[in-house]
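Peer 1: Residue-level listing of the chains:
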Amino acid sequence: DTEVTQTPKHLVMGMTNKKSLKCEQHMGHRAMYWYKQKAKKPPELMFVYSYEKLSINESVPSRFSPECPNSSLLNLHLHALQPEDSALYLCASSQDKGQGPANYGYTFGSGTRLTVV
Amino acid sequence: SQQGEEDPQALSIQEGENATMNCSYKTSINNLQWYRQNSGRGLVHLILIRSNEREKHSGRLRVTLDTSKKSSSLLITASRAADTASYFCATDSGDSSYKLIFGSGTRLLVRP
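One line per chain: the protein sequences are A and B, in this order. With my numbering applied, the first sequence has no gaps in its numbers, which climb one by one up to 119 at the end. With my numbering applied, the second sequence has no gaps in its numbers, which climb one by one up to 1241 at the end.
These are calculated hints, taken from the structure and not from any lab test. A portion of the hints provided could be inaccurate.
What the hints assert, rightly or not - Calculated lysine to any residue pairs in the SDA-like style (CA-CA distance at most 25 Å, straight line): (1) A:99 x B:1215; (2) A:11 x B:1167; (3) B:1185 x A:102; (4) B:1155 x B:1144; (5) B:1155 x B:1174; (6) A:40 x B:1215; (7) A:42 x B:1148; (8) A:11 x A:99; (9) A:43 x B:1170; (10) A:43 x B:1183; (11) A:20 x A:58; (12) B:1199 x B:1144; (13) A:43 x B:1148; (14) A:40 x A:88; (15) A:43 x B:1213; (16) A:99 x B:1157; (17) A:21 x B:1170; (18) A:43 x B:1169; (19) B:1185 x A:109; (20) A:40 x B:1151; (21) B:1199 x B:1186; (22) A:20 x A:7; (23) A:43 x B:1225; (24) A:21 x A:89; (25) A:42 x B:1153; (26) B:1185 x B:1159; (27) A:21 x A:115; (28) A:40 x B:1212; (29) B:1155 x A:22; (30) A:42 x B:1173; (31) A:11 x A:102; (32) A:55 x B:1225; (33) A:43 x A:99; (34) A:11 x B:1165; (35) A:99 x A:70; (36) A:43 x B:1182; (37) A:99 x B:1176; (38) A:40 x A:84; (39) A:43 x B:1181.
Start from the sequences and build out the full structure, keeping to the hints where you can.
Peer 2: Quick look at the structure:
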């Protein structure tokens, strides 16, 4: 299995809703990531997990809450989002060995297209 | 934060022609990677070149890296309509081996 699977593919939520994005991989990768991408812009790093521990939070607002229950799963819990949070949310994974995960190619999921109304 | 700038921002070529995209970055790096993204979908890893390498090939792709100029180029030879996509360079951030930061991207259109 060489894929990262993200669900759902599309999500529309109101500003008072609570929802979760899910990401799963079975490649044995020990680093997992959340990126946010706005239209015609590059992906922006949000969170990095290494061996199920949060390594990097790029000053993301607390209405986004990541969770890594085990080495195969990564969740992003959403609460009280704003319309400007509408974007494509991408999950990725990579190896995490001696040189650090950014020294390996990432495998990306196809993303969740989130619309906040 | 954005590490790399790419040019051109957009490129339109005829099928069969070669496409060249350039990436410049700001800080010292351990490696530079190139990714392709088809419209609104996930990114696909194309190639990784390490800071001690100058050139790397993969099929119709050729990547060069000039660390003295802090720049890289991606050449796609004999382009096909299926190569139509956005192409991003990405580097580690220099001060962290946990961050992969993407450049601004080049939108490539290959006309049949």
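Peer 1: Which constraints among the numbered hints does this structure fail? Numbers only, ascending.
Peer 2: Those not satisfied are hints 1, 4, 8, 10, 12, 29, 31, 33, 36, 39.
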